[in-house]
Amino acid sequence: MLDDGRRARIVAAVSDRDSAAGVAGLMQRLCLFAVDQMDLSGCALVLMSGADASVLASAGPHARTVTTLQMELGEGPCLDAYASRAPVLLPDLSATNANRWPAFAAAALAAGVQAEFSLPLSVGRSGIGTLDLCRDTPGMLSADHLSDALVAADIARDAVLYQQYAPGDTGLAQLLETAGSDRIVIHQATGMIAAQLDETVPNALARLRAAAFASGRSMYEIAQDVVERRVRFDE
Amino acid sequence: MVRQTTLARAFVRLADTLVSDFDIVEFLHGLSTDSVEILAAEAAGVMLTDGRGGLRLIASSEERMRLLELFELQGAEGPCLDAFSSGRSLQAGAADSRIRWPVFAPHAAEVGFQRMCAVPLRVRTDIVGALNVFRGSDVPFTDDEMAIAQAMGEVAAIALIQERALREHSLLTGQLQAALNSRVVIEQAKGMLSEYLNVTVSDAFELLRTYAREYNRKLSEVAGEVVDRTIPSAALTSRPG
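If you read the protein sequences in the order shown, they are chains A and B.
The first sequence runs 0 to 234 under numbering that gives the first Met the number 0.
The second sequence runs 0 to 240 under numbering that gives the first Met the number 0.
There may be inaccurate statements among the hints.
As the list claims (entries may be wrong) - What follows is a set of in silico ranges between Cβ atoms, one per label pair, in the way DEER data are often shown:
1. 180(B) - 217(A): 47 to 57 Å
2. 180(B) - 143(A): 47 to 57 Å
3. 224(A) - 229(B): 26 to 36 Å
4. 143(B) - 138(A): 31 to 41 Å
5. 102(B) - 143(A): 40 to 50 Å
6. 124(B) - 15(A): 45 to 55 Å
7. 205(A) - 231(B): 21 to 31 Å
Hints in this document: simulated from the structure, not taken from any laboratory.
The structure displayed is predicted, hence computed values, not measured ones.
For every residue, glycine included, the Cβ atom is placed at its ideal position computed from N, Cα and C.
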């Protein structure tokens with residue numbers, strides 16, 4: 000990003016020298032900044048790897064809606080933005096181009112999300128996650144807001160990457176711990192289902208997802224049943 | 000008189016490195032030979048920082064042993080070190096050199112170098128090394144020549160800094176992805192083990208850790224192999240005694 004003025008302005012807006020919250024605080028303030036300044040109903044900063052997504056910070060009434068829906072359904076614009084490392088901008092989820100993700104679009108609309116914008120966090124040829132913005136009314140982000148969002152994504156990405164080497168600062172490690180904690184049950188259940196069905200882990204995950212979809216419950220709820228041994232998949 | 004086409008070619012070559020992968024040594028060798036040609040000099044070399052305030056020779060216009068030795072000496076004193084630590088270009092004739100670098104200068108004279116200049120490889124406050132150019136006779140570098148040398152030094156610095164950033168970034172993203180993935184696979188392994196061995200998830204974790212310790216392997220690697228069944232779960236049951 001060559002526009003130093005924009006980045007400096009945003010950094011100033013999200014800096015808090017008195018805060019002891021470190022990286023976690025910065026991420027949170029970036030999300031709050033986005034929600035406040037860009038007329039959003041939700042903003043989430045998500046780290047992704049092949050296996051999973053971890054929400055580092057989120058804000059707004061739809062803070063985690065979009066991320067959760069995508070992990071439940073296994074499809075969505077954020078996953079695509081991460082994989083392709085290109086922004087995915089959906090100003091109107093009810094419009095035809097949202098049919099790339101039929102299940103996601105329908106579920107998001109049902110949850111009150113009408114527009115969604117995913118910006119990849121990427122470094123060279125690798126993606127590390129996304130900055131996801133959503134709105135409860137249709138409409139494209141203004142050019143100015145989009146530019147701000149791109150810069151915010153860069154700030155978040157840089158903070159994550161360089162925190163890995165901050166001496167004595169375990170902020171990032173702790174952040175990753177917390178960020179992933181709500182999915183621990185899902186991973187454990189996936190392993191158990193794979194054993195019960197003598198299946199591969201990806202297939203077990205697909206079975207878990209299918210069971211959730213069919214029953215109208217969340218994967219998290221079903222996973223809890225599995226881990227607490229109320230439900231088996233081989234019966 | 001600077002040859003315009005050579006100069007143009009040198010800058011195109013430098014600019015090329017900004018958009019593609021390149022080999023540092025080859026790149027700096029090219030910079031050295033180009034400098035010699037463009038600045039009507041005898042020899043040139045590039046030293047880069049070792050990260051601890053010192054400099055190392057990375058490439059030179061020729062492999063002549065005496066030239067290499069001359070750069071060796073510059074570890075302690077010399078034009079490269081001055082340009083690197085001050086961040087400013089400089090040049091010196093035979094007499095000046097003897098005053099500035101009493102240990103280094105006689106050796107340079109012995110090799111036949113009567114005049115030298117050095118420019119930092121620098122982008123704003125980031126100084127990554129220095130380019131050193133030698134002439135066989137004490138003909139001062141003109142202002143134009145110094146400006147050209149400085150510009151070449153700057154473009155080279157940009158390429159080097161970019162390459163360093165890319166390398167660091169790949170390392171960092173690789174580590175981040177590995178950290179994220181290993182947490183997932185460890186939890187999956189705990190679940191799988193607890194099911195196969197009929198133990199609690201926390202007991203399963205202990206078994207994983209014991210196995211990893213016993214075979215001196217990373218926990219995440221062991222977990223990965225449990226999950227893809229390379230290691231059968233039965234192999235992790237605690238042994239008697």
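Output the indices of the hints that this structure fails to meet, ascending.
1, 2, 4, 5 and 6
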